[in-house]
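*Asks:* One-letter residues, chain by chain:
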Amino acid sequence: MSEKIYAWLLRLYPSHFRKVYGQEALQLFRDRSRDETGFLPRLRLWCDLLADMVVSIPREYRRAEPAISVARVHSDGLPGFQLLESQAPRPGVLFSALVLTLAGFAAGSFLISYGGSHTNPHFWESKGRAQRPDPTARASSSSSGAPPSAPNSSPQNSTAKAQRTAAQPPAPGHDQLAKLQNDAGAATGNDAQTQTAQPASKSGQSAAQVSAQAKGMTVVAAGTLDATERQRVVQGAVAQLDRYYNYPDIARKVGNALLAHEVHGDNDGPADGRAFAALLNAQMMDVSHDGQLRVVYSKTKLAPEVPGLAAGPSPELLAQYRKTLEENNCFFEKVQILPHNIGYFKLNSLADPAVCGKKAADAMASLNHTDALIFDLRDNTGGYPAMVAMLAGYLFDKPTQLSSIYNRAENSMRDNWTPQPVPGNTLANKPVYILTSGATFSGAEQFSYDLKMLKRATIVGEPTSGRGHIPRARRIDDHFEIRVPDEQTINPVSKTGWDGPGVQPDVRVPAAQALDTALKLAAARLRKR
Amino acid sequence: MPKRKLDPLPAAAFQILLSLAEEDLHGYGIMRQVAEQTGDRVRLGPGTLYSSIQSLLEEKLIEEVAPPENDKAGIQSNTQPDAKSGAKSNEERRRYYRLTGAGRKLARAEAERLADLLRVARAKKILRGDYV
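From first to last, the protein sequence lines are chains A and B.
All residue numbers for the first sequence refer to my numbering, where the first residue is 1 and numbers rise by one.
All residue numbers for the second sequence refer to my numbering, where the first residue is 1 and numbers rise by one.
None of these hints come from the bench; they were simulated from the model.
Note that the coordinates shown come from a computational prediction; the quantities given were computed from them, not determined experimentally.
Any given hint could be a false lead.
Said to hold, decoys possible - Partner residues are not named here, just some residues of chain B that face chain A (Cβ under 8 angstroms, in silico): (1) Leu6; (2) Pro8; (3) Tyr28; (4) Thr38; (5) Arg41; (6) Val42; (7) Gly47.
What the hints assert, rightly or not - Under the rule of at most 20 angstroms between Cα atoms (straight-line distance), these lysine to aspartate or glutamate pairs were calculated in the DMTMM-like manner: (8) A:Lys430 to A:Asp478; (9) B:Lys60 to B:Glu36; (10) B:Lys60 to A:Glu60; (11) A:Lys19 to B:Glu64; (12) A:Lys19 to B:Glu58; (13) A:Lys19 to B:Glu63; (14) A:Lys398 to A:Asp477; (15) B:Lys105 to B:Glu59; (16) A:Lys301 to A:Asp478; (17) A:Lys299 to A:Glu60; (18) B:Lys124 to B:Glu112; (19) A:Lys520 to A:Asp499.
Where a beta carbon is used, it is the ideal one built from N, C-alpha and C, also for glycine.
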């Protein structure tokens, strides 16, 4: 037993000592324990051994090290390695090191790819339960080109994000925003005088049904249609189109096409309201190529239209919209000062100034002493013209006219001016760059277009989605309505708007490279100064 | 010139050199001899013993020799009778060491150095008595 203990203790010695003298030492221990019997001699033996180990083990290790290091140092001045281990690592050790390295590398890569967007699932979970994102929001945002992007992703991630867009479901918060803006009539130029023909939430619901039908999803059978009603709907749609649509000639063409389909009996198939609406939308789309123009079916009876009544969005919807804004920092994603004292402001919505005015003012104040400004609107879904005017106001030293809104039916023009400059503002003469993408939408397009026309900003990126009109729901009958873009923005400089082609960038680069490009341009310009 | 490991000569190494002055011994024999010549005051543990032996071998002050034919009996006289068979098989693995000329010379030099010290100590009246 005691011999085993000593054999084990011998392992504390360096291997070279054990190899040469291990057996000898063990033999000596055997000899001594054989000769020294009895309690006291045994005790003395162990005391001797332990004291001997305390002294000799460190000495043996000291002896081992210099021997190796001396052997490895080159005499001709070349650097040499000093090794404490005299043997090469075994293959097993190398293998486990390789596995560990790969595992660490994989874990790191995974965290970089997915860790950064951890807010998305959280957002989905917390908001998704209360307000389930329905297909409408996605359908309307994708049809109108609104970005399905994460509200909190950083601009540096935009490349990765663009790649993810196809695979990942759009962040519900943003979709909700698009939907809310849509429903609340908060699209460009439409904040105060919205005339919804019915409770907005109802129209949202019916839109959901339409898009569900259009996507071929299972729908519960709704009310049936007869030929008379179909005819009435077509004629009503044609009448509303003719009266309100921004492009009278296209309105006529679309109307003729609808009537022709009706006469040819193309509409005899569907007895279901939603299917019929989807059919009409497809027919209109063929001619107009305008996704904003569409017929919507409502299962419940629509509220009667009160002519001339300025019916704003419902208080519940407005409250929900404001709550969403507050929970998402008004979709102001990033405010920071980049190298060369260039201010960077990424905002994904032009939110209602009544809710977000203070935050916007704070953001601009924090950028007040920068030498150049970059507005990142690549993921901006638009919003309120009042916010457009407010932000643009920081870039001028006097009130400046922005795009007006022309209402075709009323033949009226609503002008739009930037407010009086904020005292102490120093940004009025600083270079401004605006980053755009194909997803830059509505109010964000107005901001870009107006500043471009006023030669106040350089647009960097991709052409925007080209939505300068504001659709409004017009009642056809108790269950059908048609959303007709009836207002358009007209810029005082160009005498036109951006609807259709979108805002053309001054410097055309892929959206993912827009920030880098703008930073280079800004830095070069600041150096010249 | 590299520093010699055994300069100054450690007490354990000097004891080992002295123990080998009269006959070739293996490790345990050295240990017993040292204990004997120091009145059981110095008992070299295996670590110290073999570490010193290693140093002495490297400096060529001692050398390893084949076990002497007649020494087996001598060793066995030191062992208990009941361990005879085990001791015999281990006997073949025992290494014997012999003092080299250089070792003997160094031991003598060390002894003379100590004798000098002794004279000084005696002259300074530090050491009294008639011994040595």
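*Asks:* Compare the structure with the hints numbered earlier in the document and write down the numbers of the violated ones, lowest to highest.
*Replies:* When the structure is compared with the hints, numbers 1, 2, 4, 5, 6, 8, 9, 14, 17, 19 turn out to be violated.
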